[in-house]
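Engineer: Heads up: the protein sequence lines correspond to chains Y and L, in order.
Its first residue numbered 1, the first sequence is counted upward by one per residue in our numbering.
Its first residue numbered 1001, the second sequence is counted upward by one per residue in our numbering.
Hints listed in this document are in silico derivations from the structure and should not be mistaken for laboratory results.
You may find that some hints are simply not true.
[What the hints assert, rightly or not] Mimicking SDA-like on lysine to any residue, the simulated pairs with C-alpha atoms at most 20 Å apart in a straight line are:
no., chain 1, residue 1, chain 2, residue 2
1, Y, K181, L, G1084
2, Y, K181, L, L1083
3, Y, K109, L, R1209
4, Y, K181, L, P1078
5, Y, K181, L, R1209
6, Y, K181, L, P1148
7, Y, K181, L, R1085
8, Y, K109, L, P1148
All values derive from a computational prediction rather than experimental measurement.
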Amino acid sequence: MIELISQYGDQILWGLAGTILIVGGGFIPGALVGTALAFGLVSRRRLLRGPARGFVELIRNTPFLIQAMLLFAAFGVMRLRIDPMLVGGAVVAIYTSAYMAEIVRGALKSIPAGQWDAASALGLRSLRRFRLVIFPQLLPFVLPAGVNLLGTVAKESAFLSAVSVAELTFAGQVVIAQTFKVFEVWAIVGTLYLVLILTILAAARRLERGLAWHA
Amino acid sequence: MDYLIEIGEIVPLLLDGLLVTLSICAVATGGAFALAIPLLAARRSGRAWLNRPAIVYITLIRGLPILILVFLFYFGLPALLGLGRVSAFWVGVVALAMNGAAFLSEVLRGAIARLAVGQGEAALALGLSRFQTWRLVLIPQFLPIALPALAGEVGFLIKASPVLSLITVVDLTRRSQQVAMQTFDPLAPLIAAAFLYFVLLWSLAALSRRLEVHLEPGAHAL
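Please put together the full structure from these sequences, using the hints given.
Structural biologist: Here it is in structure tokens:
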């Protein structure tokens, strides 16, 4: 075990770095797009609401692995040579956006219509009204749920190894191919995921407690 | 439009894969519920030697990707224990069930916690037995509360099931890859498989919404 870690430890740590890079790099733009999508979901205009709802349902009702395979196959068919890390990040971003949209939609719906009206009555318009009145009320719900989603996305990202993205699981497979230490490598890789994901989930719980001022 | 017609032709080729996926999900869901009940009882128990292991188990499952759990069980454990070949189907189903049970038991625990403690005490005070209290008072109330979240967890189990395709089980996902090889079309079989997963998950959500209305306390009186 010690020999394994000293010889192949940095390979596995590079894999962990890949996972963090892809998950972080995909999650942030995904969460921003998802927030924008949420406004599409609650829009009164059918031309906005329809496509937003269609996209969100499409992503939420198909497996992550299928989405990853589809995006990679689509880029292959178009003969686009893009770094697999980048495509992996795009898969993460697409997945995140759909789930984030539902989180933000739920938060938006929980804010009474009177809050919008009251803000308007105070002379606040559009962006300022959102930034100063609505947004602070969304945070106690959206932030913990969003961080929880980050944990889920980190778990799902292991599937990207199946489409040869150089992340933690893939690094594990590479090391196993060199050492044949099947159990030891999966135990080490599993421990790293456990630390990463439980840290994220613990942060979500802290946020939930810290931000629940109106509960 | 031509491409959509082609996808329609590929769907029948995938149906036996869909059948395998359906049986994986059915057996794993049944197993997950069967495991969730004792897990819930242990988690809610006041005795440390019962609830501590339950908490550790649930925490481990929450923190591990299902893919790693399946690889540990299918590749890791047989290598460690010196076993020969194990059934990929059953290893996968057991892993999915163990994974699902942790989440189902947490959903049920949350739903029970939301019911006032007084409900159970009131029922006991009225002379109902513990069993009757659960069957007549608690379960009818918390089932509608828990149902959307339970259906959501079953949905996540279905969405995790393609993990079996990575340990040689020919489910819908792996079958779609095989068809892609045969037809030299990397995209259409995947789109068809995505469509079938969508129909499956969408039906589950629709069923959950219908049941929710039906099970709502007082729904029968109306």
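Engineer: Decide, hint by hint, whether the structure agrees.
Structural biologist: Now the hints, each set against the structure:
Pair hint Y/K181 plus L/G1084 holds up; C-alpha atoms about 16 Å apart against a cutoff of 20 Å. Simply put, Y/K181 and L/L1083 have alpha-carbon atoms about 15 Å apart, close enough for the 20 Å limit, and the pair holds. With a CA separation close to 19 Å, the supplied pair Y/K109 and L/R1209 stays within the 20 Å bound. Taking the CA atoms of Y/K181 and L/P1078, the gap is about 12 Å. The hint holds against a cut of 20 Å.
Taking the CA atoms of Y/K181 and L/R1209, the gap is about 47 Å. The hint is violated against a cut of 20 Å. Between the alpha carbons of Y/K181 and L/P1148 the distance comes to roughly 42 Å, so the proposed pair goes past 20 Å and is violated. This hinted pair checks out: Y/K181 and L/R1085 have alpha carbons roughly 17 Å apart, not beyond 20 Å. A threshold of 20 Å between alpha carbons decides the hint, and for Y/K109 with L/P1148 the separation of about 18 Å falls inside it, so the pair holds.
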